[in-house]
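Q: Chain by chain, the residues:
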Amino acid sequence: MQAMQVKHLSMSYENGKEVLTDINFSVNAGELVSILGPSGCGKTTTLRIIAGLQRQTSGNVAIDEQSIDSVPAFKRNMSMVFQNYALFPHLSVFENVAFGLKQRGIGKTAIRKRVAEILSLTELTDLANHRPHALSGGQQQRVSLARALVVNPTLLLLDEPLSNLDRALRLSLREEIRRLQQKLGITALFVTHDQEESFAISDRVIVMNGGHIEQIASAQIVYAHPATTFVAKFIGFENFFNVTRQETSNEYLSGETHLYMAEKTTKPVVRLCIRPENIRLDTSMDTDTQQNSLNGIICDKTYLGRTYRYVVATDHLGQIKVDSEEATHQLGDAVRLTLPSDKLIALAE
Amino acid sequence: MKDRRISVALLLPSLVGIILFLIFPVVQLVLPVIFGVKSNETYFSFLKATYNQQIIFRTIGIAFVTTLGLLVLAFPFAFWIAHQRMKVRKLLSLVILFPMLTNAVVRNFAWILILGRNGLVNTLLMDLHIVHQPVRILYTNTAIVIGLIYLFFPVMVTMLIDPIVSLDQSIDEAAAMSGAGPLTRFFKITLPQLTTSLLTGSILVFAGAMTAYTTPQLLGGNSSLVLSTLLYQQSMTLGDWRAASIVALTLILIALASLSITKVITKRISGGNEV
Amino acid sequence: MRQKKHWLLTLYGYLMLLLLLLPLVLVVVTSFGSQAAITFPIKGFTLKWYANILSQPDFVTGFKTSFAVAVTASFLAIVVGTPAVYALTRCGIHHANWFQTVFLSPTLIPEIVIGFALFQSLVIGIKLPLMPVLITGHFLLSVPYVIRMLTARLLLFDQTIEEASWLSGASKIKTFFRVVIPNISGTLLAIFIMCFINSFNNIPITLFLNGPSLTMLPTAILNYLQNNYDPTVSAVSVILMLLTGLMMWLMERMNGLTHVNEHLNQKGQN
Ligand SMILES: Nc1ncnc2c1ncn2[C@@H]1O[C@H](COP(=O)(O)OP(=O)(O)O)[C@@H](O)[C@H]1O
Ligand SMILES: [Mg+2]
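Protein chains in written order, with the numbering used here: chain A, 1 to 349; chain B, 350 to 624; chain C, 625 to 894.
Certain hints may be false.
[Said to hold, decoys possible] Straight-line alpha carbon distances no greater than 16 Å define the calculated EDC-like cross-link-like pairs of lysine to aspartate or glutamate that follow:
{"#": "1", "chain 1": "A", "residue 1": "Lys301", "chain 2": "A", "residue 2": "Asp323"}
{"#": "2", "chain 1": "A", "residue 1": "Lys301", "chain 2": "A", "residue 2": "Glu325"}
{"#": "3", "chain 1": "A", "residue 1": "Lys321", "chain 2": "A", "residue 2": "Asp282"}
{"#": "4", "chain 1": "B", "residue 1": "Lys439", "chain 2": "C", "residue 2": "Glu876"}
{"#": "5", "chain 1": "A", "residue 1": "Lys301", "chain 2": "A", "residue 2": "Glu277"}
{"#": "6", "chain 1": "C", "residue 1": "Lys796", "chain 2": "B", "residue 2": "Asp352"}
{"#": "7", "chain 1": "B", "residue 1": "Lys439", "chain 2": "B", "residue 2": "Asp511"}
{"#": "8", "chain 1": "B", "residue 1": "Lys436", "chain 2": "C", "residue 2": "Glu876"}
{"#": "9", "chain 1": "A", "residue 1": "Lys301", "chain 2": "A", "residue 2": "Glu326"}
[To be verified] A few chain A residues that face chain C, going by a derived Cβ cut-off under 7 Å, partial list only:
{"#": "10", "residue": "Met78"}
{"#": "11", "residue": "Phe82"}
{"#": "12", "residue": "Ala86"}
{"#": "13", "residue": "Pro89"}
{"#": "14", "residue": "Gly100"}
{"#": "15", "residue": "Gln103"}
{"#": "16", "residue": "Arg104"}
Hints are computed from structural coordinates only; laboratory data are not their basis.
Cβ coordinates follow ideal geometry from the N, Cα and C atoms, glycine included.
Please work from the sequences and hints to get the whole structure.
A: Here it is as structure tokens:
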């Protein structure tokens, strides 16, 4: 069931710049969907419009098929976890979490019980009487999460909640968010610019760029089959070849090089791409023409930690980036590259 | 739009208050001077009267000397404070704040005690046999200048501390590395960076000195009238409201002129920095 | 860290500090002298001048009236000014600069002129009683403090905290009273104290708007000084300085003093 829908949403600020163009997506009940995109692409704006903190120029937001555009933010029963925590500085952890329940006119004993429950779920019980400024960033964000969850929101919105934390905390808190979201069956929309974070946490990913949506799919599909050049670049594809399709629908021509794809496709392919780690690098200079193989010379080598990044200059496909665990290749070596046909991705634009 | 209506409702009370009770009365005061019957004639005859001219020149002169004196006295003091440790600086700021928040009558009364006929200065001078008759200092222009300097000294100092503190030390160090001595650095590096603050501070103090009332009243009295004391005298003692209005207009023009000059200066200098 | 300080500068610093405080110390010292005419060095020690304050009805009623006027005007300025600041900092008003200028206009016009203008158009012109006009004048004095200090505070106050409150189910009005106000209460108190001091000490406006039936403390002292030159004035001054000290202490406790200096700078002092 679709818990929340965004239909034809567009947004321009007063300076006339359009920052959202015809955004359409939905979040199903109990699902965690993330919006992934570079900074400035309109993620926050989308979230704030859904929350009712900002007014869209056109289009609408619906909960359970009911438009909520005329409902003010404080009546939408949504929660938001902000990047900078936004805790109430004058209230203790307990009071921060209890705030929303109080606004809903819930009795004192019920509040105490419910808050205690959430605090123990988020492992904050010991900090209940502390003021926010006495807590670490990770603790503050957990309070913010508890405050957002306690009211059992129709939709939980998270705007880059982990960006201000260091890496170790980011990983553990992101798992905690996922665990709580699933345990409580909360519907959630999670905004991030971090590809790994988005893939790790969500059921579906919405990739945004420049105010429009590039792709909506599960993390696995986005990873393996990026829909557009932008998505491919954003999630780590490095080598792009402009191609024209040959008679058979899985043979392509880039310059004078023939490239074959494992799958046939009918979409109007204009470009192929491949990840650096998927290219095979050999020294053997076979002369027999194997499928998708070509010769080149190593012109750059960088140590990346787990692998080496080689840049190989080829005659017809320009410079190709290859990641390999092999350390033996040296600058100037002649090498042979193989682009496995099942790892090549066809892009329509 | 609902939001627009709400913000108008929030702004309205204070806006109406100020327009109704400040702008309207002030406009009502100056309009007759500018547009009234034979207004030009009255205004110029006011300016032509030697007595009034004397007062105008005295006011300007006093404000000018006060400002110069403050520049000379406050700048090194602000420099001294700015170079203290953070804690000491905070403490000194409090010490400076105290006179600023103390009633002007008290502050001027202190100078009556010092400069008066039987005041501290005269007592000292006579005890040391430098003079045999008390010197007249109180109720002179000098007394007003001293009082005004005392009045505005903390203001000028606080205006200068922050800009000095936030001077980028590395610029000075870079200059030192390229071989500039302390004096060159002060005049060629430090001072130019503080020009805006010094200028805006000076103008503020100048305008303040031109329009101050309590100090010239207590330390200058009737023998050393300035525009503000003249305004009070004309209106409340002599009942010549026309003359009082002319003085009021003059004071307003001085205040607005100094405001515009400050705006121009800050704009030009900050604009110049961006290029 | 900083460059080495020259001993001459240090000497100068202490000297100016001394000159800044010496006049005030002198006032304190003279308030204890037993002779009716103030001469140096003072002779004897007495507290009778403090007792004499109480026998001056003008000082006593003046203190009460000044206190009441200052409290009323400061309170009014905060009540009226706070919504305006909220609108200016939160509602995305067009031409906010323009409004700001209007709100700060009481600092642009010399106080003595404000006093005269109010007297002429409100007291003489439409025959309002002195008291409300006096309060109006002091209200006008206070508005710029509210606008400046509160704007600075609200700009520092993270707006997402308010948004978090709205999303938690509190309307904008509830949020203002339950989230914004509790967080800026220290600043509001500091503003109140600043307005109070400024109003309590004011002379130029007060001068035009007091009268035989309406005595204010600063003008009462001014009048007293015209006819007398005895340590009673010193004693009153000491009381006023104690009041200033008390106010500063209160503000310091509210953590509000840090920014007071900046706001004072913008204003010439009478
Ligand atoms: N209040 C505003 N006025 C004008 N432009 C804005 C405003 N807020 C955001 N923008 C612009 O809208 C675009 C999207 O911003 P935002 O939604 O914050 O992006 P993200 O959260 O993806 O980083 C950006 O180009 C930003 O500059
Ligand atoms: Mg954002």
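Q: Please go over all the hints and tell whether each is borne out by the structure.
A: Hint check:
Proposed proximity of lysine 301(A) and aspartate 323(A) is supported: the alpha carbons are some 10 Å apart, at most 16 Å. The straight-line distance between the Cα atoms of lysine 301(A) and glutamate 325(A) is roughly 12 Å, inside the 16 Å bound, and the hint therefore holds. For a cut-off of 16 Å, the pair hint linking lysine 321(A) to aspartate 282(A) stands: about 14 Å separates their Cα positions. Of the supplied pair hints, the one linking lysine 439(B) and glutamate 876(C) holds, its CA atoms being roughly 11 Å apart against a limit of 16 Å.
Among the hinted pairs, lysine 301(A) with glutamate 277(A) is consistent with the structure: their alpha-carbon atoms are about 14 Å apart, no more than 16 Å. Taking the CA atoms of lysine 796(C) and aspartate 352(B), the gap is about 11 Å. The hint holds against a cut of 16 Å. Of the pairs offered as hints, the one joining lysine 439(B) and aspartate 511(B) holds, with about 12 Å between alpha carbons and a cut-off of 16 Å not exceeded. For the hint pairing lysine 436(B) with glutamate 876(C), the CA-to-CA distance comes to about 14 Å; that is within 16 Å, so the pair holds.
With a CA separation close to 11 Å, the supplied pair lysine 301(A) and glutamate 326(A) stays within the 16 Å bound. Evaluation of the methionine 78(A) hint against chain C yields a held restraint, the C-beta minimum of about 6 Å falling below 7 Å. Interface hint at phenylalanine 82(A): satisfied, since its Cβ lies 5 Å from the closest Cβ of chain C, which is below the 7 Å cut-off. At its closest, the beta carbon of alanine 86(A) sits 4 Å from a beta carbon of chain C; the interface hint therefore holds under the 7 Å criterion.
At a threshold of 7 Å, the smallest CB-CB gap from proline 89(A) to chain C is about 6 Å, leaving the interface hint in force. Look at glycine 100(A): its Cβ gets to within about 4 Å of chain C, closer than 7 Å, so that hint holds up. A distance limit of 7 Å between C-beta atoms decides the matter here; for glutamine 103(A) the minimum to chain C is near 4 Å, and the interface restraint holds. Interface restraint check for arginine 104(A): the shortest CB-CB distance to chain C comes to about 6 Å, inside 7 Å, so the restraint holds.
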